[in-house]
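Order-wise, the sequence lines are chains E and L. The numbers in the first sequence follow the UniProt record's numbering, run straight up by one, and end at 450. The numbers in the second sequence follow the UniProt record's numbering, run straight up by one, and end at 450.
Incorrect hints may have been included.
To be verified - According to the in silico footprint, chain E covers these stretches of chain L (three or more CB under 8 Å from chain E):
(1) 184-195
(2) 226-239
(3) 264-275
(4) 290-302
Hints listed in this document are in silico derivations from the structure and should not be mistaken for laboratory results. Since the structure is predicted, the reported quantities are computational estimates derived from the model, not experimental observations. All residues carry an ideal CB built from backbone N, CA and C; glycine is no exception.
2 protein chains.
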Amino acid sequence: MQSSFEIDKSDVLKVKNAVLAGDETLKTVLKDYHASEIAILFERLDKSEQQHIINLLPAEIASEIISEMDEESHPEDLLFKLHPDKRTEIVEELDYDDATDIISQLEDHEQKEILEDLNEEDASNIRNLLTYDEKTAGGLMNTDLICVNINLTKKDAIDEIIRQSEEMEEFYTIYVVDDNEVFKGIVSLKDIIKAKHNAQITELVKIDAVYVHPDTDQEEVANLISQYNLTSIPVIDEHQKLLGRVTFDDVIDVMEAESTEDILKISGVSEDEELSGNWVEAVKSRLPWLVINLGTAFLASSVVRYFDPTIKLIPSLAAYMTIIAGMGGNAATQALAVTVRRISLYDLSDKQSYRTVLKEFTVGLINGAANGLIVFLFAYFFDGNPMLGLVIFLAMTGNLVIAGITGAGIPLILKRVGIDPAIASSIIITTFTDVFGFMLILGLASKLLL
Amino acid sequence: MQSSFEIDKSDVLKVKNAVLAGDETLKTVLKDYHASEIAILFERLDKSEQQHIINLLPAEIASEIISEMDEESHPEDLLFKLHPDKRTEIVEELDYDDATDIISQLEDHEQKEILEDLNEEDASNIRNLLTYDEKTAGGLMNTDLICVNINLTKKDAIDEIIRQSEEMEEFYTIYVVDDNEVFKGIVSLKDIIKAKHNAQITELVKIDAVYVHPDTDQEEVANLISQYNLTSIPVIDEHQKLLGRVTFDDVIDVMEAESTEDILKISGVSEDEELSGNWVEAVKSRLPWLVINLGTAFLASSVVRYFDPTIKLIPSLAAYMTIIAGMGGNAATQALAVTVRRISLYDLSDKQSYRTVLKEFTVGLINGAANGLIVFLFAYFFDGNPMLGLVIFLAMTGNLVIAGITGAGIPLILKRVGIDPAIASSIIITTFTDVFGFMLILGLASKLLL
Numbered sequence: 001m002q003s004s005f006e007i008d009k010s011d012v013l014k015v016k017n018a019v020l021a022g023d024e025t026l027k028t029v030l031k032d033y034h035a036s037e038i039a040i041l042f043e044r045l046d047k048s049e050q051q052h053i054i055n056l057l058p059a060e061i062a063s064e065i066i067s068e069m070d071e072e073s074h075p076e077d078l079l080f081k082l083h084p085d086k087r088t089e090i091v092e093e094l095d096y097d098d099a100t101d102i103i104s105q106l107e108d109h110e111q112k113e114i115l116e117d118l119n120e121e122d123a124s125n126i127r128n129l130l131t132y133d134e135k136t137a138g139g140l141m142n143t144d145l146i147c148v149n150i151n152l153t154k155k156d157a158i159d160e161i162i163r164q165s166e167e168m169e170e171f172y173t174i175y176v177v178d179d180n181e182v183f184k185g186i187v188s189l190k191d192i193i194k195a196k197h198n199a200q201i202t203e204l205v206k207i208d209a210v211y212v213h214p215d216t217d218q219e220e221v222a223n224l225i226s227q228y229n230l231t232s233i234p235v236i237d238e239h240q241k242l243l244g245r246v247t248f249d250d251v252i253d254v255m256e257a258e259s260t261e262d263i264l265k266i267s268g269v270s271e272d273e274e275l276s277g278n279w280v281e282a283v284k285s286r287l288p289w290l291v292i293n294l295g296t297a298f299l300a301s302s303v304v305r306y307f308d309p310t311i312k313l314i315p316s317l318a319a320y321m322t323i324i325a326g327m328g329g330n331a332a333t334q335a336l337a338v339t340v341r342r343i344s345l346y347d348l349s350d351k352q353s354y355r356t357v358l359k360e361f362t363v364g365l366i367n368g369a370a371n372g373l374i375v376f377l378f379a380y381f382f383d384g385n386p387m388l389g390l391v392i393f394l395a396m397t398g399n400l401v402i403a404g405i406t407g408a409g410i411p412l413i414l415k416r417v418g419i420d421p422a423i424a425s426s427i428i429i430t431t432f433t434d435v436f437g438f439m440l441i442l443g444l445a446s447k448l449l450l
Numbered sequence: 001m002q003s004s005f006e007i008d009k010s011d012v013l014k015v016k017n018a019v020l021a022g023d024e025t026l027k028t029v030l031k032d033y034h035a036s037e038i039a040i041l042f043e044r045l046d047k048s049e050q051q052h053i054i055n056l057l058p059a060e061i062a063s064e065i066i067s068e069m070d071e072e073s074h075p076e077d078l079l080f081k082l083h084p085d086k087r088t089e090i091v092e093e094l095d096y097d098d099a100t101d102i103i104s105q106l107e108d109h110e111q112k113e114i115l116e117d118l119n120e121e122d123a124s125n126i127r128n129l130l131t132y133d134e135k136t137a138g139g140l141m142n143t144d145l146i147c148v149n150i151n152l153t154k155k156d157a158i159d160e161i162i163r164q165s166e167e168m169e170e171f172y173t174i175y176v177v178d179d180n181e182v183f184k185g186i187v188s189l190k191d192i193i194k195a196k197h198n199a200q201i202t203e204l205v206k207i208d209a210v211y212v213h214p215d216t217d218q219e220e221v222a223n224l225i226s227q228y229n230l231t232s233i234p235v236i237d238e239h240q241k242l243l244g245r246v247t248f249d250d251v252i253d254v255m256e257a258e259s260t261e262d263i264l265k266i267s268g269v270s271e272d273e274e275l276s277g278n279w280v281e282a283v284k285s286r287l288p289w290l291v292i293n294l295g296t297a298f299l300a301s302s303v304v305r306y307f308d309p310t311i312k313l314i315p316s317l318a319a320y321m322t323i324i325a326g327m328g329g330n331a332a333t334q335a336l337a338v339t340v341r342r343i344s345l346y347d348l349s350d351k352q353s354y355r356t357v358l359k360e361f362t363v364g365l366i367n368g369a370a371n372g373l374i375v376f377l378f379a380y381f382f383d384g385n386p387m388l389g390l391v392i393f394l395a396m397t398g399n400l401v402i403a404g405i406t407g408a409g410i411p412l413i414l415k416r417v418g419i420d421p422a423i424a425s426s427i428i429i430t431t432f433t434d435v436f437g438f439m440l441i442l443g444l445a446s447k448l449l450l
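For reference, chain E alone in the conformation it holds in the complex (with noise of 0.2 Å):
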């Protein structure tokens, strides 16, 4: 029995040392790890390492721990490498979901030839599972499931199940099709078992089952299957035949996925860069949101160009000017990310709509006349200057006012038009609160001081 597992240096350079000493002592060290472990060890070792682990290893618990690689370790690389055998064994070994997901990520010619060493079943479930795109249910699904005709009786189906899951190490739910493979509904293996004897499938069957489309995009799928709390959901096609299921382990790896999306894309950053990428898909993935920020800086600095000459009548305004756009950027930033995350979670109405963006011109207001109070006092007793306090006070609570409208309005706007609303990141909202936070406290030191 084990608890929690966490990685730390003495496992690593244990297995490291293994590798050096040779196969029996390597063999006896990787007895403590299960799979998923090694999975985990393999992104702190070389690739000659862990190539050295994989050839080790039987291909039953080889393929399991390149199936829990995390892609961005590259466990098509790594597979690609193997000797062709060991290579085919593994695959063959693979659940035919795993095996897509990382054969997709090798070349045309690469992945010709793994398939054409596999035998003609898995070779034509995985070219059929390649066909589907990567972020929908085909692309998710398996093919590997239990199914029984729905004119079984109770003893016929648990001899059904019990041969079909022969091959597999895991199922939840029992899928059920009429003679021409049509999906009719699902039913769990306790409802048989505590069935009376002489019951049929037909009887048993749960026929409201939710169900999706090969082409139904991931985040979709993982909604339902979280809403329901299903472990797994059936794929149909157009004719109602069953394909495959998604699992809601598949799940959790694509609700991880997307939440990291949200969190670059709010902060301009590229979705398709890697966590652990190198920097020049860094640089490619960061650079065109910096330059687009770059126009919009400009186009904010010269609202500050325009009012040079009271600029350097108060020069003490270029200083207050930095802290209104600032605040201004930060506040919008807040409105930003609980907008955000709240249409990524829910679905709001036209009334939820206007109400958020009318919280945040409240809470703009409040933040804004509080932040606003604290600058006046400075500029009153620093700067011996009350009107001038008056302009910065102004300044802090409309420019704060902006940042909770935009804050909350762009991203619902977008959400509206059909765009995803992340994009309205940090960098794009920030325009609005440098050019008007600039306005005001310039326009308004213009109008009040000179």
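Since the structure of chain E is already known, use the hints to place chain L on it.
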């Protein structure tokens, strides 16, 4: 059969009208919806409409709706306002973990009122669960589970499972204990059925099962369920006694909540702010961060003040310095988002942490030079001042390097000393890029241009 469910206005209107049309119509309309769908509809109904529907439906369905309601819709208030008899009926239908989650949100005297009406068994189970911290395995666990003695035969075990599952809608794993209720391992229903007629549980039990303790943090529980692809994980006490289980669907909710926390914290919003909370809560959650930011903004603006004479001589510096600071803030936010998310999903070694900072240094250098070049050209052709262009080029490059180092380095250091890295919100990080940005451009200008 039904496909994915998306609420639209017509659903809400149909139900609202049915509430007015009378109970028979309402019953007919509600038949078309799954309990979890009604729970989503509730987000758009008034409190009185919610109560009307709950009172109309049998406790079995009403309890499902209440357990599926989002916590931000406050199911506890709805529950507490029901007639005591109806309330008791509903609570007795709820799973213990769901009942505990809902009741825990009420005031102490309200909790007492509800618990007093329950039967002794339910009341003591819920009282017990209420003692655990909401964000631990104890707070998430359910005490309802299927559990067999390790000494049973196949036949007796199946009888026992059927008996225990009478009251339970779903179970995924069967837990095995000895005569002293000490946890011994798990067994799947499939393995029991497939076993030989005279098999014993002791031959079938899988003994290396992963488990947690009641005080294990919910994030750790979620990681284990996700890492080992478990449908449920047992919770055991310090004497290895089985207390309950946490199921995958609770963990999906936890993961959503943790991702929301990450996004909010990184944007300078308190993790306690409810996404759909009112403006009072939002002000409470955000004002403290803004006031802290105001302090740091004063710090940055004091740099500007220090260089007042320089700005007076070259007023266009006031415009350029906002560009340098703004670009630094955005680049830092990018580096921060990638690093915080990476820390949250993976465990980084010292070497990997070091490489991360090095990578962000390189990214900052390249993105800084690229943007610096654009601004240099602008200063050269627009202001006709190549030396000013050089100053801006150097300041941009320097500030984006600082952005990369702090955006990656500060969360990594916080993690090292045991502080939540997401607290290194963009508000904190942009202080560095503001202060250093102003120092670089104004300091260099003073040296090179005056």
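Going through the hints against the structure:
Using a Cβ-Cβ cut-off of 8 Å, 6 residues of the region 184-195 of chain L lie near chain E, which meets the minimum of three, so the contact claim holds. Coverage of the region 226-239 of chain L by chain E holds in this model, with 5 residues showing a Cβ closer than 8 Å to a Cβ of that chain against a need of three. For the region 264-275 of chain L, the stated coverage by chain E holds: 7 residues have a C-beta nearer than 8 Å to a C-beta of that chain, and at least 3 were required. Against chain E, the region 290-302 of chain L contributes 9 residues with a C-beta closer than 8 Å to a partner C-beta. That satisfies the three-residue criterion, and the hint holds.
Violated hints are absent here; each numbered hint is respected by the structure.
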